[in-house]
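J.: Each chain, letter by letter, is given below.
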Amino acid sequence: KKSPPPPPLPKLGKVGSKCACGLGSRERMADSGSDEVAVIGNTDLTAAEEQNNRNNTDVEKSTPLLKKMEISVSEAEKRTGKNAVNMQETYTVYLIETRPVDTITEGQNPAPDSLWRRYSEFELLRNYLLVTYPYIVVPPLPEKRAEFVWHKLSADNMDPDFVERRRIGLENFLLRVASHTVLSKDKIFFLFMTQENGWKDMVYETGFQAKADSRLKALNATFRVKNPDKRFTELKHYSDELQSVISQLLRVRARVADRLYGVYKVHGNYGRVFSEWSAIEREMGDGLQSAGHHMDAYAASVDDILEEEEHYADQLKEYLFYSEAVRAVCRKHELTQYELEMAVQDLTSKKLQREELATGTVRTFSLKGMTSKLFGQETPEQREAKLKVLEEQILEGEESVKSKNSECDEYVKNAWLDIDRFKEQKNQDLKEAIISYAVMQISMCKKGIQVWTNAKECFSKM
Amino acid sequence: TMSAGTPKSLPSSGQKSIHDISHPLSSEDTILTPSPDLPNTSSIGEKDLSLPNGTPVDTSSPASSSSLLNRLQLDDDLDGETRDLFVAVDDPKKHVSTMETYITYRVTTKTTRTEFDLPEYSVRRRYQDFDWLRNKLEESQPTHLIPPLPEKFVMKGVVDRFSEEFVETRRRALDKFLRRIADHPVLSFNEHFNVFLSAKDLNSYKKQGMALLTKMGESVKYVTGGYKLRGRPLEFAAMGDYLDMFTQKLGTIDRIAQRIIKEQSEYLVELREYGPVYSTWAAAETELQEPLEGVSGCVANCCTALEELTEDMSEDFLPVLREYVLYVESMKNVLKKRDQVQAEYEAKLEAVAFRKEERTGVPTDVEKCQDRVECFNADLKADWDRWQNNKRQDFRQLLTGMADKNIQCYEKCLAAWESIVPLLQDKQDAKGETN
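These protein sequence lines map, in sequence, to chains L and V. Residue 1 is where the first sequence starts when you use full-length UniProt numbering, and the numbers rise one by one after that. Residue 1 is where the second sequence starts when you use full-length UniProt numbering, and the numbers rise one by one after that.
Just so you know, the hints here were simulated from the structure itself, not pulled from any lab data. Treat the hints with caution; some may be incorrect.
[Unchecked claim] To give an idea of the chain L side of the interface with chain V (calculated C-beta under 10 Å), a few residues:
no.: 1; residue: LYS82
no.: 2; residue: VAL85
no.: 3; residue: MET87
no.: 4; residue: TYR270
no.: 5; residue: THR453
All of these numbers come straight from a predicted model, not from anything done at the bench. Even for Gly, the Cβ is constructed at its ideal location relative to N, Cα and C.
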């Protein structure tokens, strides 16, 4: 995957301040925001308290940002502007609102600071986080284009339902990052939410792109780790499985939704025919007529049911994308391990050369060995000089192996800390998602029973 | 036309109950198993065993009395009329002979009517016997609405004529057919009906009847044709219009019901795939294993509930609708016959008027014709009211039944989902406390 060229910044200044949020959006922020906070607040955040100390981390306190700041994506808006090749394009911007928590607890209740960001900026932020924190399972963004939707739902990026679901998804992303002990202390992340202008320059200044590119190149190069870490191999296998099973689940769910929609909507035809039929009946007329209304209501009820279910699908989707984030951590571990193994190999070969030079035996067949045989031995001075260079290289190599070793150890330590955190979060989230799915099914069944009971009453009066 | 394939030796050769032959679609054979050995359910209401006029019913035949008892308890739909004739169709059996394979049904009768020699009969009849009865009724009671029989021909290969589902659907239709006749104040006294219910050897009666018919035929048949009706009286025109509209609505309802069954089956196909995905996922998890298995189990339960609903709809709902289409056809036929009788009368009246304008008296055959029209009109109106009443009851029952089936389906799904929620929540609470 190539990262697309950075799109031009939308003109934020004017519109941003103008739309600084009406009362409606505040209310929305309040309930969607607090809900998400509650969910994330449940997860255990204290596990990875101690560690970090990266370049861009703010080290003053170890509590995640979310405890200090209220965050929400409260609004979405359609904009039109010129893109890089001066073409007219339409895109959506999202309003990020932030408010320090202590001002709220002190009862001041100030208006939140707000700024607009578009999806591509969220993408840039996430890419930056991915590169900067390779050992962390970075929360995924909501899907760029609607996938796994049942056909009655529009897959259009500008569709209001899609935009709304994405708004929720983006807010969720920010809340997840803000509640992460390490990620939430990142300065760039903080600037993303609070600094309207110049944020992007700051990102590029970190040089993360170059880092990302060189890493990507290394990843693309075919490499094989000789002694893979079993735990990471298993984790990679699990994330593959998770991805395949969730995508299968989402596909089937979309089809199930399609069919359910059909079943309900066809019942709507009863509404019409009962009403027409009632016109030619005497005693049966009233019962039929009102039963028809209940059938209409039944057909209409499926819209709400499936809309609610879409939220469940989104929850699953988040974990579908999380599986990719887990895989990324595994891949980066492989890369670190590979670099270590390369350093070890290099050192070993240097040591071998030194041995050859010292003892004069040639164990490996080489052109050099051939030439020395054909054209006689080097002078002792030459040998001494060579040996000296080799000794230096070996020292360097030993140093490098040592540092690679500790880098690798550090990586494994940090990564497992975060993976354990992730697993716990995942179990908690998905359990809750399943419960709410069951609750949804219960409410659907109850609605169904209600409608049919009403209809039955009408029928029995005929 | 009489049936060509007269049943030979009904009870003798190769009598086999249909459940002896395993049906490809179903492994269970409980539905059609005749249950003479089962404890008789009649014990639940001993006092109800007497007929309305107080004559004690012979309970020596346990297999039939239970269904009749049910009838006694359930049928209060004959507004105030005393019922003294009860008929039931049950216990289908498959007969395999070298010539043909067919199904017979047991027809049980209980009555206090003096027209019958015995208070109780139990005979076996096959479809063509029912068909014979219906033809006889049409011939001998041309002014009355004869209830329809289920259609004789089914598409070969599409429907298995000997499947339990098919036989059961047909049994119910035949039962309904006889009950409608038995409840009719005129048809129930028809001699052919009496013979159908009571004759040990219906075949010899049928042959005898054939000879008789050829003689009587002319006088009985009204069908004259050739006359054109000037105008239907408003009353009957309204009936015709109603029937046309009603047929149309029935057709629409039938199409909707079929479509729903199709949508539900397709939904079921997807749902059957949906559950196992959760199981697959559960296998890859440790802590989430139980919740995911829970969902998988719930989906499986919902599949079963939905399957039952779809089955009920196609086996109980659709046949009743189709029977009504045929019922409407019968009604339209009677209307047509009435029109012809009136047309004949009008033509004759006109002819008389044309020939003998000066004379005031009307010839007797024209008067007879007029009587016939009036008789027909009276019979038809009575049957119409009866039919309307039946229709109302039948559709009330059919539609409340449909609602009930849907409620039951939802209740099963609800129970499944409700059973897993506390399990999941308890776990979570317990975990929260230990934390």
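J.: Evaluate each hint against the coordinates.
T.: Hint by hint, here is what the structure shows:
1. LYS82: 45 Å, violated
2. VAL85: The hint is violated - L:VAL85 has no Cβ within 10 Å of chain V, the shortest such distance being about 44 Å.
3. MET87: Result: violated, 42 Å to nearest chain V Cβ.
4. TYR270: 6 Å, holds
5. THR453: Cβ of L:THR453 sits 6 Å from chain V, so the hint holds.
The structure fails hints 1, 2 and 3 (numbered hints given earlier, in ascending order).
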